[in-house]
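Chains as they are written, first to last, in this note's numbering: chain A, 3 to 478; chain B, 3 to 478.
A couple of the hints might just be wrong.
One copy or two, either will do: identical chains are not told apart, so a pair holds if it fits within one copy or between any two.
Heads up, simulated BS3-like pairs for lysine-lysine below, C-alpha to C-alpha not over 25 Å straight-line [as the list claims (entries may be wrong)]:
1. Lys-317 <-> Lys-427
2. Lys-456 <-> Lys-476
3. Lys-317 <-> Lys-59
4. Lys-27 <-> Lys-125
5. Lys-329 <-> Lys-135
6. Lys-334 <-> Lys-128
7. Lys-26 <-> Lys-125
8. Lys-124 <-> Lys-329
9. Lys-250 <-> Lys-300
10. Lys-255 <-> Lys-171
11. Lys-205 <-> Lys-171
Treat the hints as calculated values from the structure; they're not laboratory data. Keep in mind the model is a prediction, meaning the values are calculated, not measured.
One letter stands for each residue in the lines below.
There are 2 protein chains.
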Amino acid sequence: MEKKNKEITSRDVDFAKWYTDVVKKADLVDYSSVKGSMIIRPYGYAIWENMQKILDKEFKKTGHENIQMPMFIPESLLNVEKEHVKGFAPEVAWVTQGGSELLDERFCVRPTSEVLFCEHYKKIIKSYRDLPKLYNQWCTIVRWEKTTRPFLRTREILWQEGHTMHATKEEAKAETLQMFKIYENFQRDYLAMPVIVGKKTDKEKFAGAEETYTIEAMMYDGVALQNGTSHYFGQGFAKAFGIEFLDKDNKLKTPYQTSWGVTTRMIGGLIMTHSDDNGLVLPPNIAPYKLCLIPIGKGEKVEEMVNLLTSKLDKEEITYQVDNSDKTPGFKFAEAEVKGYPIRIEIGARDLENNKITLVRRDTLEKIEVEANIDVIITKIKELFIVIQKDMYNRALKRRNSMLYEAKNYEEFKDIAQNKNGFIKINWCGNVECEDKIKEDTTLKSRCIIENEKVDGPCCVCGKEAKEKIYFGKQY
Amino acid sequence: MEKKNKEITSRDVDFAKWYTDVVKKADLVDYSSVKGSMIIRPYGYAIWENMQKILDKEFKKTGHENIQMPMFIPESLLNVEKEHVKGFAPEVAWVTQGGSELLDERFCVRPTSEVLFCEHYKKIIKSYRDLPKLYNQWCTIVRWEKTTRPFLRTREILWQEGHTMHATKEEAKAETLQMFKIYENFQRDYLAMPVIVGKKTDKEKFAGAEETYTIEAMMYDGVALQNGTSHYFGQGFAKAFGIEFLDKDNKLKTPYQTSWGVTTRMIGGLIMTHSDDNGLVLPPNIAPYKLCLIPIGKGEKVEEMVNLLTSKLDKEEITYQVDNSDKTPGFKFAEAEVKGYPIRIEIGARDLENNKITLVRRDTLEKIEVEANIDVIITKIKELFIVIQKDMYNRALKRRNSMLYEAKNYEEFKDIAQNKNGFIKINWCGNVECEDKIKEDTTLKSRCIIENEKVDGPCCVCGKEAKEKIYFGKQY
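Just chain A, same shape as in the assembly (with noise of 0.2 Å):
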């Protein structure tokens, strides 16, 4: 594809200064003076806006509730659970005073909410009768971080995180894989990204967890993105917390836990799947407005066609950006195609003497010529987002499977690691051992434990007994 926009940075040339460029130029973020933070411009929002309402939806259709949790934590609460509290102290942010008043004790800003979740279940469940709790929260934590990345990294994060309790532990295991099933299909069917999913390793689950189930995305470059995860918390947290309730049998027994996020790093997993050299590149499921509509001169029939196709989409409710600019066409045409609208319409007086207009497809830059006739356009509208989504999605897993690799045996693991981008399977003996040795000889880390695949030889690092497939890759 030629790179025709001058202000963007190759990929492939650097593709770190790639992104902020992108998320840049397309309107998506600001910097200001809160170091580590990022304004999340409207162009951006929009579209995070779109995926809460989605996800949203799906949250609800499955019983779920939402609810607002204080943004504080006391530190003595924070201490409860002892695994949670070694994670996450070392990353969060202290409120000290309150006007002129130093507190007698500090509160963190919430770095997540299970603790504060726990202390209201421990006053809210009693019976079987109050289970399920099943709720969500969509909020801003807080995590300070050293360097920050816009939407992959950040002190600053929104998301949301579901919490929620059960009388049976079959019942929360369920309950930990619907919610991961509706991220995988969300990350499909709206963000054409291709993942891989499975259980996190023990070293790499969630401090305070039992089992991390995790979403790994692959961006263009090969590095991971870990990408939405869904936690099963046993009783671990609900014992520390000493909630109880009597059960049917009238016995007091302890509930069983889960909880699980996505942020607006899905986000960033979105722009390093799909955009390229001239900007973002937006699927059509998720782009805040689907079509650019590029009038090409001033005519009456010009503003006509316009109007009527302006019209005609507000009825079938497709969302859609008109640029009356007095810009020339070649610099509209860029600017459509940095903030990566699906379909560009070019609308010109000449093109509409010969009854026709042009669409351009943002993924391909393909040229479309069609009759200027409003239901031939509409009619083929629909069908391209269809065809665009779905090539999207084709590209991304094809180019990630092209990023697969699988070493049979250590000194193949370290080539490859070396001298490629992606994810690299191994045979695993299951052993922390093993994982630190990858690490500290290659940075790489686990993604995550393949599931439904035999091993077919020894650990790929000690030649011991392997008892589970695994992938190992670099991370963002």
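Dock chain B against chain A, hints included.
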């Protein structure tokens, strides 16, 4: 009306206790170890989600875009506009430590975001082509209050804050009034709340604003609730931040600014306007569930009617709850009353034998027998929603009007202030000394200047020439 709920204090006995009983018993909020903050429980949050949905649509219809700013403000940035910092610094929460490191400069958690928007506007506004900027943000803010009450005064507040920039004074003033009007219409048409609107005095206006328009609602006990404000800033912030744009005439000019906001406090206002000794009373236009279906007994006919009705309600997109618990009918009725569902539908086997069902209005507890025919029921329900909404507004209006007073001289004013609850209208000279004197003598504060009403006597306090009519009242 008969008081049946023994767990709720009577509002005429102890209004403050009644209020906290209602918010707790109706499952709107809960407390936690985070003092001064509240947990907004699913039923309370669903009311907020409805408010957001309706207002967000209005904001977007009038051209506003959502954005997300950082939640932290560096101390030096808060200090840029002098009036503003004076107003807010005494009540902010300070973050002084990130992870294990003390920060070089402390951050406050945003009490409001004017300075963040101004810093951003300084970067993105260069030309008249960049104006207007019409941004809104849904977020949580923090004000370190000493004494707190759920929804009315809490350390954390969920709200929306609009921040706009305009090329001309006229446009900015029109925006201030437009958004103010949207709030007023929303509170009248959805919350069934009659409100008094007008300008704040200089003493009571927002820190940094030239003009503050306020929406003053009167609660059941005659006390005022400031339930939304819209500010015209003039060029104050813009000059402090050095924001300039090149106008069409090729001259550098300073833009004009507004901000406007409403908060979860509206939920408190809703409760204190309409609810009664049996619990919450919600207007149909804002209720998360418009109906509660209560099957009485377990017969096949009862089940069949519930199924027919719920599938019809789903189709009509009318929200409802079904109480299928094994509690007694009386207990279920009381619970439906506490929750304030606008109508409950009692579906009993004996009634069905006589081909009827019973609807009960929550606002009046009136029982209405209806033929047990789906179409008849649905028609009647829809009719009742309109009637209930209107009746609730009219009752609130009548009550509010019965607590509006007018004082011709200061003795009369003090007499009313001491013996009555409500708002007192006076002629006022416009001097802050008279405003201060009233506060000192009676604790009453000015509510708002009354527009379009001529003075008809001297200043009620000092006896000098009056300039304006103004309301005073106690406030939450």
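In ascending order, which of the hints set out earlier in this document are inconsistent with the structure?
Those not satisfied come down to hint 1.
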